[in-house]
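When you get a sec, could you build the whole thing from the sequences and use the hints?
Just so you know, the sequences run in chain order A and B.
Under our numbering, think of the first position of the first sequence as 1, with each following residue one higher.
Under our numbering, think of the first position of the second sequence as 1, with each following residue one higher.
Think of the hints as simulated: they come from the structure by calculation, not from any bench.
Warning: the hint list may mix true and false statements.
Said to hold, decoys possible - Now the stretches of chain A that chain B is said to cover, found in silico as 3 or more residues with beta-carbon under 8 angstroms: (1) 12-21; (2) 44-50; (3) 86-95.
Where a beta carbon is used, it is the ideal one built from N, C-alpha and C, also for glycine.
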Amino acid sequence: MVAIFPFVPEEITVHLGAPNEDAPNVRVPYLYYLQNAAASEIYPTWELSAIRANVLAINSYALNRIYTQYYPTRGYDFDITNTTAYDQAFVNGRSTFENIDRIAQELVGTYIRRQGNIEP
Amino acid sequence: MTAGTILVAVTTSDAQIPIEDAEITIEQSAQPDYRTLTDESGLTLPFAVAAPPASESKNPGTPTPYSTVTVTVRRDGYETERRTGVQIFPGTQTRQRISLMPVLPTMPDQIESEATPPQNL
Chain A
1 MVAIFPFVPE
11 EITVHLGAPN
21 EDAPNVRVPY
31 LYYLQNAAAS
41 EIYPTWELSA
51 IRANVLAINS
61 YALNRIYTQY
71 YPTRGYDFDI
81 TNTTAYDQAF
91 VNGRSTFENI
101 DRIAQELVGT
111 YIRRQGNIEP
Chain B
1 MTAGTILVAV
11 TTSDAQIPIE
21 DAEITIEQSA
31 QPDYRTLTDE
41 SGLTLPFAVA
51 APPASESKNP
61 GTPTPYSTVT
71 VTVRRDGYET
81 ERRTGVQIFP
91 GTQTRQRISL
101 MPVLPTMPDQ
111 IESEATPPQN
121 L
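Set out below in structure tokens:
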């Protein structure tokens, strides 16, 4: 069996609502998604280590959705939603923060996995 | 008084091409409007905005630890865009990226507005 390695996509399609809600999808660069989700879920004034931990968690979560093709395998035409009830926050068009942007750029290729698994 | 800064980056065509000479207006309550133009990279200089002290964002349950501004971007030939509720934190630079859509000269200029919801963590 060929092992499929997790990868960081160029872009990600975000559904701007709950999965069954009639809402638009937007396709954005993956790094922007990470910077936006981090800006929406944490404050940039927090400690560096807290920001890094959150960015890793957000990245791992999103990469899992991509790797497992969670929504497409259930018949949806997007990769992730923008609501914390189902996934994580993403506010389309919002501003981001320079320090979080920098950390996201550094950590976009890093994810957390369980021992013995390769899946994010 | 603690302050943060905001930098606006204006592009078009799905964020591929920077727009020069776009007119940026930054409005805050109780302050005069700040107007500037973007340079050839589509960027403004960072602009300082007063913000609550950083200690207010460290614990849950404190009042809103950021100040908000409204950013409006105008350029001939493109649809005007406005972002409200843009958050400014102390000691941090906020980057507001805005992508403009070209419009035909005959179309009336509507303002596309997006609001950032309040974020109380």
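Notebook entry, point to check: Hint by hint, which ones does the structure fall short of?
Noted result: Checked against the structure, the only hint that fails is number 1, while the rest are satisfied.
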